[in-house]
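Q: For reference, the chains in residue letters:
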Amino acid sequence: MKPEYKIISDLIEKDAKVLDVGCDDGTLMEFLKTNKNVNIRGIEISKEKVQTCIAKGLTVIEGNAEFDLKQFPNDSFEYVVLGQTLQAFINPEIVIKELLRVGNKAIVTIPNFGHWKVRLNLLFKGTMPITNSLPHDWYNTPNIHMCTIKDFFRFSKIIDFKIFKSLALINENVSDINKSNLILKNLFGELGIFLIEK
Amino acid sequence: MNIKQNIKTLIVEKPLKLDCGQTINNFPLAYETYGSLNNEKDNAILVFHALTGDQFVTGINPVTKKDGWWSYAVGSGKSIDTDKYFVICANVIGGCMGSFGPSHENPKTKKIYGTDFPVITINDMVNAQINLLDFFGIKKLFSIVGGSMGGMQVLQFISNYPDKAKTVIPIACTSSHSAQNIAFNELGRQAITADHNWSEGNYNSKDIVPDKGLAVARMAAHITYLSKKGLQEKFGRKLQERDDLKFGFDADFQIESYLRYQGSVFVDRFDANSYLYITRAMDYFDLVKQFNGNLSEAFKNTKAKFFIISFTSDWLYPTHENKDIVIALNAVGANVGFVEIESDKGHDSFLLNVPDFLKALKNFLDKSYAEKLS
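Residue numbers (the numbering used here), protein chains in the order written: chain Y, 1 to 198; chain L, 1 to 374.
Read the hints as simulated data drawn from the structure, not as lab findings.
Idealized CB from N, CA, C, for every residue including glycine.
Hints should not be assumed to be uniformly reliable.
EDC-like, lysine to aspartate or glutamate: derived pairs with alpha carbons at most 20 angstroms apart [said to hold, decoys possible]:
1. L:Lys323 to Y:Asp68
2. Y:Lys56 to L:Glu340
3. L:Lys300 to Y:Asp75
4. Y:Lys47 to L:Asp356
Not the full set, but computed from the structure, chain L residues with beta-carbon under 7 angstroms of chain Y [unchecked claim]:
5. Ile327
6. Gly337
7. Phe338
Now the in silico label distances, taken between C-beta atoms and shown as ranges [said to hold, decoys possible]:
8. Y:Arg119 to L:His320: 43 to 49 angstroms
9. Y:Thr141 to L:Gly137: 55 to 61 angstroms
10. Y:Asn171 to L:Lys303: 42 to 48 angstroms
11. L:Leu37 to Y:Ser175: 54 to 60 angstroms
12. Y:Lys6 to L:Lys303: 30 to 36 angstroms
13. Y:Thr141 to L:Arg269: 52 to 58 angstroms
14. L:His320 to Y:Ile94: 19 to 25 angstroms
15. L:Ser178 to Y:Asp15: 38 to 44 angstroms
16. Y:Asn171 to L:Glu371: 37 to 43 angstroms
17. Y:Pro142 to L:Lys234: 34 to 40 angstroms
18. L:Ser178 to Y:Thr34: 39 to 45 angstroms
19. Y:Ile144 to L:Gln262: 46 to 52 angstroms
20. Y:Lys97 to L:Asp67: 51 to 57 angstroms
21. Y:Ile144 to L:Lys234: 38 to 44 angstroms
Please build the complete structure, drawing on both the sequences and the hints.
A: Written out as structure tokens, the structure is:
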């Protein structure tokens, strides 16, 4: 199980109605069901993973979040979770807006491209960074819109959404991000976890 | 044909008002069951058959002596596990396997109905079948399942009886018959009625059958159940028991021979007038219109758990039409899952050995049953 699942779970209230966008094999869905007794649905693009979710008894819709979120009415869910996939969308701006339309709140996690290893990788090697969390080459990566924790803050101002809570994951430890430590968290955080609202 | 002795029949005494305005009562509804109903009566699954199906879902069909139409999916240890579930399937009204249909005698005229039989709808079909629940003393079905026209019945059933099923599985179907669907059905009906033997529907009294027309109808329909890729892979341009073209109109190609065979075996087991009536019922099916253009309204009163399944190569009831149902369900916050199964076998995929489909169906049913939904 990914270390951020526990953190995501802590951000979600008990018995809430939740949509997991890009729910993968349903690990997070199961975890939230057990821990928070949530009423949870998933969307997943891979047929194989949808099958895995069905085998776990999870309610999942095969679909592409970029096009298929529009089928949900406004405020269908209390929380919408988007785990480490924002960077893979053609248009992250539309996706964020859609998340906040169908959900009252959204939890978005992003692999931080501002991490020092990524920076050093590009600085010294002069090639596109390859790290544990970003294992692809530039030509076959699904991650076409990488951003940093700092970028995400800027993004919130540009497309106008509120960051309610922001956390950085460093060596499986979680810490708050605030104005005074942003530069450091943007350098050391492997993952940014954001609870956002309209 | 001495088939009646193998057919279980419920005589529905309660009057049923049909959509066409006529009321029928004391009519036969032929059905079959598999597995056994448990003491809690919470393990029943009502299966709805498609256009040319019947109540003999699995095992050997006692009339045709062939495997039941859903033998891949239903049986001991299979997706719809008859060791676990009590499976009920009825022949649709308008059909020709024992249920009230155009080949029955009109008690008033003492003649076979033929085209005097009332036009029936998908709505009429499910309203007839609801009587099976009382008959078996079942308050709520664990599941309703069906593909193609069976799927349409599933949708109509849960819309009419929102609290009568815990899980709902419409497969490879649509909420509204498209112009293309109607066009293909009309082609079949025209083939039948153009056969001289059809005799305005009175062939029974003359002891003849419009077999040529019915066979053509089946051949045309059969093409729509397969995919271009599937046909190409199975038949390609392969020749039928010959080394070269014969420069004539005999079946040179295997695909021709195959279709002719499909047509010829079909006429032995299916009534031409039933084909007219059932295709008409499909064409009239428009659940969207029933709810004034808002399909979501059809499902707003149900707490049932839905699972929609479509197939990549099904061009008769394509994925996007199945997805429209998912969208309508999401709009009312229903509990709905959806998967599109990869298959080259076209619309017929749901009847065939498509492991991903059979696995998804089994997992959904077994996990839902373990959840003990209310």
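Q: Which of the listed hints are broken here?
A: none
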